[in-house]
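Given the coordinates of chain A, assemble chain B onto it according to the supplied hints.
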Amino acid sequence: MSSMPPPQVPEEFRVLSMMHNIGAITPERSLTADELAQWTGFDVAAVKAHLQKLREGGYVEFVQVSGIEKYHVTRVGIMKVLTLYS
Amino acid sequence: MLTWEYPPRVVGGIARHCEGLARALGSQGYDVYIFTLDFPGAPDYEEQGAIRIYRTRSEVGHPNFLTWVLLFNHFIEKRMADISQQVDFDVLHVHDWLTAAAGIGFKHFSKKPLVFTAHSTEHGRSGLHIPDSFTIDGFEWWSTYEASKVIVTSGAMKGEVCGHFHISDNKVEIIPNAIDPSKYDGSVDKSAIRARYGIQPHEKLILCVGRLVPQKGIEYLIHAVPIVARRRPEAKFIIVGDGWYRDHLEYVANTTGHRWRITFTGFVSDQDLVALTKSADVIVVPSVYEPFGIVALEGMAAGVPVVASQVGGLTEFVEHDRTGVLVYPRNPESIAWGIDHVLSNQGHAEWLVKNAREVVQKAYSWEAIAKRTGKIYKEVAEKGKP
Numbered sequence: 001m002s003s004m005p006p007p008q009v010p011e012e013f014r015v016l017s018m019m020h021n022i023g024a025i026t027p028e029r030s031l032t033a034d035e036l037a038q039w040t041g042f043d044v045a046a047v048k049a050h051l052q053k054l055r056e057g058g059y060v061e062f063v064q065v066s067g068i069e070k071y072h073v074t075r076v077g078i079m080k081v082l083t084l085y086s
Numbered sequence: 001m002l003t004w005e006y007p008p009r010v011v012g013g014i015a016r017h018c019e020g021l022a023r024a025l026g027s028q029g030y031d032v033y034i035f036t037l038d039f040p041g042a043p044d045y046e047e048q049g050a051i052r053i054y055r056t057r058s059e060v061g062h063p064n065f066l067t068w069v070l071l072f073n074h075f076i077e078k079r080m081a082d083i084s085q086q087v088d089f090d091v092l093h094v095h096d097w098l099t100a101a102a103g104i105g106f107k108h109f110s111k112k113p114l115v116f117t118a119h120s121t122e123h124g125r126s127g128l129h130i131p132d133s134f135t136i137d138g139f140e141w142w143s144t145y146e147a148s149k150v151i152v153t154s155g156a157m158k159g160e161v162c163g164h165f166h167i168s169d170n171k172v173e174i175i176p177n178a179i180d181p182s183k184y185d186g187s188v189d190k191s192a193i194r195a196r197y198g199i200q201p202h203e204k205l206i207l208c209v210g211r212l213v214p215q216k217g218i219e220y221l222i223h224a225v226p227i228v229a230r231r232r233p234e235a236k237f238i239i240v241g242d243g244w245y246r247d248h249l250e251y252v253a254n255t256t257g258h259r260w261r262i263t264f265t266g267f268v269s270d271q272d273l274v275a276l277t278k279s280a281d282v283i284v285v286p287s288v289y290e291p292f293g294i295v296a297l298e299g300m301a302a303g304v305p306v307v308a309s310q311v312g313g314l315t316e317f318v319e320h321d322r323t324g325v326l327v328y329p330r331n332p333e334s335i336a337w338g339i340d341h342v343l344s345n346q347g348h349a350e351w352l353v354k355n356a357r358e359v360v361q362k363a364y365s366w367e368a369i370a371k372r373t374g375k376i377y378k379e380v381a382e383k384g385k386p
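Chain order of the listed sequences is A and B.
Last residue of the first sequence: number 86 in the working numbering, and the count goes up by one each step with no gaps.
Last residue of the second sequence: number 386 in the working numbering, and the count goes up by one each step with no gaps.
In case anyone wonders, no lab produced these hints; they're calculated from the structure.
Glycine included, every Cβ here is placed at the ideal spot set by N, Cα and C.
Hints are not guaranteed to be accurate.
To be verified - What follows is a list of derived Cβ distance ranges for each label pair: (1) A:Q64 / B:Q310: 37 to 43 Å; (2) B:S110 / A:V76: 36 to 42 Å; (3) B:R196 / A:G67: 28 to 34 Å; (4) A:R55 / B:E367: 42 to 48 Å; (5) A:Q8 / B:H348: 32 to 38 Å.
Bound-form chain B, shown alone:
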């Protein structure tokens, strides 16, 4: 498995996805080799049961992002070549374009089949407005072309990948993301957690978790704050995460006249994130582009009502007014309505949470997702035999 982020190098959903998948595959009898980048404090080599993690340092750097990507891919491929002297890999699984060059190069060297998971596309993330984006788009197309099978996490992504890259429908498999619901089993001192973030017992905690980048739509939630506050004077908002867009979001927050209601925490530890999630009254996922939306699934597993944009993969597991509330993207009025809808009716909110938990437990366990992924590995390995 090749990925540019793997814990403790965690930013978006890819690291969590790879970790959950690797663990579940390991428990199902697969030997999993992870090739990823180094991270300060993390060992270059680590064994976790059936998982072996190779963290590779790029020996040569470059300030240009794309040049740096190609350089670290070279060093990852070199490490794979070294390890392959002792290990005969059956399948190569590349997650997103960032490690595709190493994966594709090694595919041709080793004559092993390649599986590519497209977690998102540059076309969807940023649009194709700058030369770098066209290069990334090209890498993504190349990855889907070289792969024996392409995995996407939602029907929306399948449509996007098949349509944009002009690849056949039967080459692309939908295997959703998953989570480990057991991490929400423990008890949490909610009043202590809320107090730490300045939330009084009578106040309502509205939580938003995500990278602070435009596609997460957080500015629309911030614009919704004054509208929510008119209906709910006890509302407070916590925004967890960081990113290059943070300064702009704080500027927008300053213009609302309700800055005191909004807390930006930056990155928080996993433990704090679980505690905050369990202590929230609502989780809002205001994305404008979302191939899957694992934060919504986390909220559903944690037993917190979810208000999410009606975009992408979110619409495939958040069923409006049954497992959560869907609102119009880029629409602060609609977001405010969704929050108020959940906070206004405790009984209904509890019913949403109950339905949501059932859905998560039935369809989004790592065990189920690993079985489906393993089936694809077997299929491509079998086809690849002479």
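So that you can see chain A by itself, here it is in the shape it has in the complex:
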């Protein structure tokens, strides 16, 4: 069997979870990477990297508002977040 130690909750999942908990779950409640960095305590570069991975998984989407990307959790992303606590 694998000798890898039991994993911790991945950092991008923590970002996803925090986005959900602060209410960024619909396009009109989307937040910029800068705002997400302020809320979550991660630096902006880390948040952007995590958002990229989360987008690839279909867990977050973004909308363009005045040329700025604002992110929110998708329905699938919400369901993924809930697996942590259900």
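Leaving out everything else, chain B in the frame of chain A:
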């Protein structure tokens, strides 16, 4: 009824449980009010026959999970207080600790009895290793303390709840989960479904459905893949669900040398899940902690042989070699044996399925479960009268 998940906000068994119970209670003449959280695309208020669903948006968020839980509980309680201006509730029924703060607060405001269903415990789910877990454990104890009656879904959970929270045996009632077997009545084009997931007609489809979290034991099934493949070169595995543990499980799958046999689908629609379940040759439930195990019951209703871990509630309806096959938890050899045992003898597998269907139809209908729940409502409402 208070629950943090209610369709279309569905993750684990709680949403399905609440929906099935609410519908059955509604058809038995109860007026059911559901207080739950909002979900994108779902209306804030909805009527489904005798069921009224209030989906509440938390007006204030917070990145910390426990703070967020307390905040949304406040807004749910506020909504209940508003609705109670027009409706005199008889009983409050809280499902799991996540909406307990609202339920307990409203209990003291309204002087109505509280019923608490403990679907699982933090102690069982995660162990008590971090401060948040101790807080959740405290919420769970508080809920059992405030409740007039505690419902659990299996004898194993009753033992866990009574032992861990030190509450008296006669305060806790076992009412199992249920399912709607009719959803498996329709026909399915099995070869088309299997083809969509890359399963050839001669191959065996081994299905596992669940949240991708450690307590579901899916890594032990993945470790069993090479063992099964030695005996059954035609075996393919489909893992349905998602969760924070997915990356790790995919890593483990990559180490087996049989990655091509394993498909992770993520979440699928209800319709696809029914079709996949009916198209499977075996359903495996490899949990290491399982208060009930509704996925096994779904498999039994769908007419698919079930191989399940000998843990928790699973042992109370999967009878070894009569309604399914029980295997040792955390044991890939045993899981592989169970799968091979079912696939090796078609006649025996059909007999297991026949027995399993009879058990599901007799004891696990929502109608029966709602009657038993209704009896508890009447009992606590009667006791609560001055």
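> Is the hinted range of 32 to 38 Å satisfied by the C-beta distance from A:Q8 to B:H348?
Replying inline: 43 Å, violated
> Is 42 to 48 Å right for how far apart the beta carbons of A:R55 and B:E367 are?
Replying inline: This hint holds: roughly 45 Å between Cβ atoms.
>> Taking the Cβ atom of A:Q64 and the Cβ atom of B:Q310, is their distance within the range 37 to 43 Å?
In response: 54 Å, violated
> Does the Cβ-Cβ separation between B:S110 and A:V76 fall within 36 to 42 Å?
Replying inline: The hinted range 36 to 42 Å holds for B:S110 and A:V76, with Cβ atoms some 37 Å apart.
> Okay, B:R196 versus A:G67 on CB: inside 28 to 34 Å?
Replying inline: 40 Å, violated
In terms of the numbered hints stated before, the structure departs from hints 1, 3, 5, listed from lowest to highest.
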